Amino acid sequence: MVSTNSFGVFIPLIIIGLVILLGIVKIGVSEEVNTIISVPYAKVFPDAVTSNRCDNEFRDHPDNEILLQTIKIKNKFLMPRLWPIPRYTICFTPGIEGYSERTVLYYVDGILFERAQGGMFAYDGYSFRLPTFSEVTLEVKIKPFCEVKSSYSYGSTIKTFVEPSNNETQIMLIKPQDPFERYPGISCRSLGHEEINNAITILLTK
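Residues are numbered in my numbering as their position in the sequence shown, beginning at 1, plus a constant of 2.
Keep in mind that the hints were calculated from the coordinates and are not lab data.
These numbers were taken from a predicted model, which means no experiment stands behind them.
Even for Gly, the Cβ is constructed at its ideal location relative to N, Cα and C.
Take the hints with a grain of salt, since some may be wrong.
[Claimed, not checked] Pair by pair, the computed Cβ-Cβ distance ranges are:
no.: 1; residue 1: Ile-38; residue 2: Pro-96; range: 14 to 24 angstroms
no.: 2; residue 1: Gly-112; residue 2: His-195; range: 33 to 43 angstroms
no.: 3; residue 1: Asn-169; residue 2: Ile-113; range: 35 to 45 angstroms
no.: 4; residue 1: Asp-57; residue 2: Thr-134; range: 40 to 50 angstroms
Generate coordinates for the entire structure from the input sequences, incorporating the hints supplied.
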């Protein structure tokens, strides 16, 4: 026979388990994804089509960031949610090395997502909190590829950009299978068939 004290122990555990489960599953959450159809080649690779080399200041200016995708997420449920950012790897076709997921910019309601931020941003570094009965807009952006050089005290410099071939026709947005995986390990130079087939593509126009 189960004692009253046993019920007193198990009931709180069951409630806690249900709270955790409801916070993870997507019940009551909807997602509307709008991806840009095309982007001018000159915005992504300004060095390849203009005589003026863009510098660090040009690359890092918010006005020069390139919007690739907007995601509207609605939480219609009575509990807050933990929602992952897409963690895209950005590649180009034909295949040249692209941005890793760490260099893609994510804006949550206009606030730049950063691993160190608190508040609505979770401490796992890959997700943010959806408040109860809320709507959040997530924007996915990249910076232009420029011939940016970093100078060192002993006089040498190192290029920190990808050299375009002027033949790139598409941007590919590739999402890892597990958004919470610490190191997705996606390489633009060795994409698998599944990654290519599931990639979101954006045309580069000239």
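To see whether the hints hold, each was checked on the structure:
no., hint, in the structure
1, Ile-38 with Pro-96: 14 to 24 angstroms, "21 angstroms, holds"
2, Gly-112 with His-195: 33 to 43 angstroms, "37 angstroms, holds"
3, Asn-169 with Ile-113: 35 to 45 angstroms, "37 angstroms, holds"
4, Asp-57 with Thr-134: 40 to 50 angstroms, "45 angstroms, holds"
The earlier numbered hints are all upheld by this structure, with none contradicted.
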